[in-house]
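Colleague: Take a look at the letters that make up each chain.
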Amino acid sequence: MQGALIPVIVFLVVYALISLEIVNKAVAALLGVMVLLTLRVVSEHQAIEFIDFETIMLLLGMMSIVAILRKSGFFTIISVKIAELTKGSPLKILVLFSVVTAVLSAFLDNVTTVLIIIPIVIELTAGMGLNPKIYVISQAVISNIGGTATLIGDPPNIIIGSKVGLTFNQFIFNLAPVVIPCFVVGLLFIWMTNRSQFKPIDTNLGKLFSVQMLLAKIRHEFLSTQIDRVFLIKGLSCLVVAILLFVTQTVTKLSPGVVAMLMAMILFVITRVDVEHMLEEIEWSTLLFFTGLFILVGVLEEKGVIEWIAHNIFLRVGDDPYVLVMVVLWVSGIVSGFLDNIPFTITMIPIVHLILETTPIPNNILWWALSLGACLGGNFTMIGASANIVAVGMAKRSRVDITFMEFMKFSALVTIITLLISSVYLMLYLKLSL
Amino acid sequence: MMNEQDRNILCRLIRDHEDLIGSSRATMLALQSFINSIEALKPTPGQVRQQYMELADAIKNTRPKIVPLIHLIETFETEMEPHFEGDWDEVRVKAVETLRGLTATLKDKVGSIIQWGVSCIEDGDVLVMHTASGDVMNMIALAKEVMARKIKVIVLKQDFLKTKSLINALKQSRVEVEVVPEFSLSHYIGQANKMFTGALSITHDLKAICAVGTANIASLCHFHKIPVYLFANTLKFSHGLSEDQKIHEKRMSQVEGSCNYVLTTYSHDMVDLHMVDYLVTEEGIFNQDTMADHITNICEGKLR
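Residue numbers (the working numbering), protein chains in the order written: chain R, 1 to 434; chain W, 1001 to 1304.
Looking at chain W on its own, in the form it has when it is part of the complex (with noise of 0.2 angstroms):
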């Protein structure tokens, strides 16, 4: 059974690869190792249903809230309760055959927003990125590769880990790079003419959950005219509000020099959606005018 710990642990790692590789890839592994773990198991009679319960029960509650994936453990959980009762062999079948449906949707959701989201690359952009979004990613790659477009990036340096990964993976498409501190932006308002960025979750009250800095860096471009790009797919609107999406908050000592503080950091910024000019979904492209109604819609069909 799940105690404190196997919870924390598992909420550590959901977080720290939302952090790494973006939402829409996350939650991707997150259904595979679930497939891979209910193959690997071999339960105990009459605990099949309380193991399912608590495993989604905790990938429901992370902090923050992962919203595809929970979106897609609730269809899960819907799906597979007239099912638990059955053998173990069936209830597996089962589970994994609704798993790979759910992994199937959310593909398709995200091909569809690369599509979307390849519109949006012109010859000659220079795009401001601070964070590797899977899904901006892939559309970047498949710009560069398959569309030749001629682009540039100019990546604002901030935690290593997730700069190496922004890095590597534009390297990797052959696409022009210049690394700058993420506070050095301004020197680059001249040149850059789009940003792009991913977000964890969008919100009923009109706010995107998106990696640290991103509220910043929007803020920024935003006021200089350079459009800012959000590209989300419908199954991280939430309809919650921005203050219940947990975002996860930590206090560390820190001592530096002769100087002892308590340091306090995030996991995730709230930007406010009048800083976003436009928000890229698998069913469109929607512009400040739009973008609202598209989101409410979305939101309170979720409610229904």
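Extracted from the complex, chain R is given alone in its bound form (with noise of 0.2 angstroms):
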């Protein structure tokens, strides 16, 4: 571990940045890796690479794709479509946009998700009288949730997706199972808890006569700008293709970075596009985010680090696979509740790869325990996931104030449930691989 003293402060210093949030993530990051040039701890072309160019391509198409599609206004005709078909009724409007907001967030990225689904979400129960509080909250839950389930749903898998190389089909063929049953309990326990919230209205008149004046309201000024439906067309038959060519990668060899960048320029020629107001839509802090915490995480791996990481906290627990899935699962999904589930998933890659070295675990068991873990830890605290923190921001903007306790009342709770279900996957799936 020579030579690790400098790198191991720049990256507390870093992370404590990030997690008290004193400056922008993107600067911190990067700030880090500068100070680790200029000290000569690192060259130049070691850093450039560190950097994974699988997360960042990825990354970059589906934002690009994401971008074009939201500008034909795609996502604005679904969710006022999803709005008149809960005509209003409190449990409809929990389960349909829920359902909307699982699938959204499976093959998008959660904090666009929430940005489609909340907005219409607070105008349709704040109209009604209802609280939109819990609505807000189980949104974004269950975006966390849903994203959980894709290579492509949420950061975390994006990362151990590229920088292990596991497909897209064995993401969704392992994970799947384990998510649908997390949505389900989890909205079951939104409603059980909630009861009182979701009583029908189809008997009180006047309640209905507002809902069809509210819905009316919502069309005009969700939908009052023009829907292109070429432009629509095109965007929509690349993301399909996207989504074909990932489901089908064991057999193209095209990788999922490859694919979206290959789907995002396609749909910039096809749809002639303002490029530069295109790229401005892109999130280019979080690509530079990616950037320098990758290579922070580069400079601790080649220092020895991780490698001490490993051996002396995770490998201290001992070569049980049982107990170092449960371990790797726990830690991860805590952890993430109250730090950025992203710097943890990228300095727990080249741990858990350590861990695989010394005891094997088949079926890539203890890669979906870290993904459960990162994924659906994300909801333990209003901080833990950027759909969180976006979500809450927007119900803030329509005079809906959450505390950080009142997120977590109901989402710590949803939490635990899940990492149950998913501890109890992991164990039966470890049963039967071993």
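In case anyone wonders, no lab produced these hints; they're calculated from the structure.
The reader is advised that the hints may include incorrect statements.
As the list claims (entries may be wrong) - Below, computed lysine-lysine pairings styled on DSSO-like, alpha-carbon distance capped at 27 angstroms: (1) Lys1194/W to Lys1171/W; (2) Lys1157/W to Lys217/R; (3) Lys396/R to Lys1164/W; (4) Lys409/R to Lys431/R; (5) Lys71/R to Lys163/R; (6) Lys1042/W to Lys92/R; (7) Lys1042/W to Lys217/R; (8) Lys87/R to Lys396/R; (9) Lys1250/W to Lys1157/W; (10) Lys1171/W to Lys217/R; (11) Lys199/R to Lys1042/W; (12) Lys1157/W to Lys71/R; (13) Lys1164/W to Lys1152/W; (14) Lys71/R to Lys1164/W; (15) Lys1107/W to Lys1144/W; (16) Lys217/R to Lys1250/W.
Join the two chains, each given in its own frame, into one complex according to the hints.
Modeller: Set out below in structure tokens:
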């Protein structure tokens, strides 16, 4: 571990800056990299080699496709149609929006999903005189659960998939069977604990009338911009082709990053969209944040710090695969609830590699434990996942204040339930695999 | 049953619609919403009359009063009164049928007013507008798309949602649009030759309850001899006085820089009909000399 002191200090300072939100996440990570470069702890060429361009390409490609689809009005149509389908029934609002949120989160990033769903959910519930808090929190929580199901659903999965070489199909086949029960039980829990809020309204003429007026208002407000059908068809076609190429990855041998970037570029060309304008929609700070973190963790790995953590913390628990899987799942779950799950996942990947070197665990079960822990754990607190922060921020702008404790009182229980379901699933999976 | 919160929500929703799409379209929307909610209702036996009455009462007491809707709901109540004690399915069928009939009545009136309105639009007209009244938008669309009139509209920008709605509607009809701030109208006095506006209601004391900003714009146009056209079907005529129209008043604390103050806003303007040069109803076009008699006759007819 020679020469590890400076990178460790820099990494801890960067982690503190990110967790305490003292400076922008990307600035914190890149500042850390610059300190390491200035002190010659790492050379420019080495730093570049640490960046996982597969992850960056996948993120950039998906962000571009989503930006173009958003411009087409597609997501607005979906959310308005869902609002109409609910007919103002509080239970239908919860269930239908949750289904859409979970499905969208599985194929788009969670923040985009929340940005699409939350405004209309607030408009609908507040307009009906319901308490929007429970709906806002539930959609944030559900988006994190839904995003866990696929390779492209949540940043930790994108990182794990790219760094470990797991395919889209492997993610969906191994995680969807546990995500679906998590989603159903999560919804049941929300309904059971707030039953009084989901009473039907079809016996009250006044409420039915208000709902009809409200739906008309929502239609007018959200659909007043013209829907570009050609744009919409091209955007959706490219998304479908991208998903098909993800699914057939083992046949085409095209990595998800290449697929996403290829479809994004094709979409730019065929839609003749204003590229400069579209590029403004890309979350460059997130991409720079990832880049900086890859370099910081790469340096720690090179200096032997990761190996030290793996041997002195994780492997201390022994070599029982059941214990190791549970430790990775629950440590990831709890840490991701309080710290950003992206740097945590990037840090954990080399650790899990080292654990697997000493204790091989079949069927990538340890990776699924990391994925489930990092993604579902984000629900523990308001700051555990970007989708939570964005949802609460949007609610605040609509004068719906959700406190840290209000969020946690509800979300922590859902997290514990989903982590318990994941534990059972992983245990059974491991038992069948050994 | 409707509680105070439900009433406030309903009142706000009706007001928002009226504000965004004008009173005729808001009335049609309310009638359609009434039909949809009756079709979805699963009432507790014995509560049908009470539920209808509560809703009708809430609709009649919105702030401001949506006069055409009130007139139609009063007709609905009169027609439904003998049927409330019947079987729920019969009540529902009758209620839906009555509401559909009332919608048709309103559509007829709006259709006639559009026909009269189109005759007020000529080639080369430069119109001043600041709110998307449904009737006015329909007549402009007809004049442009069917009759190929060459017109330009100067849109006075105010509340973003309303202006957006107006611009989108005009662009859809391919009308040439120039958007200027509401306070910059004086620069267009030489160019504009007509001002078009709609109204929520016209009262017995010869006032029109119009969208906010109308009073200032109509005054300036009238002063500069730009004829002001007011489009309102006779369902909007109220036998009440302007001060009884319950214009919604809102007080909000504002903080700008170091300055704290309470801002009072109103949902609508009261426009003296002396500022209006032409009143267009489904019964024709009335100028300054004839409009007062027309209003009085209609209002007194309703009183009787």
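Colleague: Would you mind marking each hint as holding or not holding in the structure?
Modeller: Okay, the hints, checked on the actual structure:
1. Lys1194/W to Lys1171/W: holds, 19 angstroms
2. Lys1157/W to Lys217/R: Cα-Cα ~21 angstroms, so holds.
3. Lys396/R to Lys1164/W: holds, 25 angstroms
4. Lys409/R to Lys431/R: violated, 34 angstroms
5. Lys71/R to Lys163/R: violated, 31 angstroms
6. Lys1042/W to Lys92/R: holds, 17 angstroms
7. Lys1042/W to Lys217/R: holds, 24 angstroms
8. Lys87/R to Lys396/R: holds, 26 angstroms
9. Lys1250/W to Lys1157/W: Holds, because 21 angstroms separates the two Cα atoms, which is no more than 27 angstroms.
10. Lys1171/W to Lys217/R: Judged against 27 angstroms, a Cα distance of about 21 angstroms means the pair holds.
11. Lys199/R to Lys1042/W: OK: Lys199/R and Lys1042/W at ~14 angstroms, within 27 angstroms.
12. Lys1157/W to Lys71/R: holds, 25 angstroms
13. Lys1164/W to Lys1152/W: It holds: about 17 angstroms lies between the C-alpha atoms, which stays within 27 angstroms.
14. Lys71/R to Lys1164/W: The given pair, whose Cα atoms are some 18 angstroms apart, holds under the 27 angstroms limit.
15. Lys1107/W to Lys1144/W: Measuring from Cα to Cα gives roughly 21 angstroms; hence the hint holds.
16. Lys217/R to Lys1250/W: Roughly 21 angstroms separates the two Cα atoms, so the pair holds.
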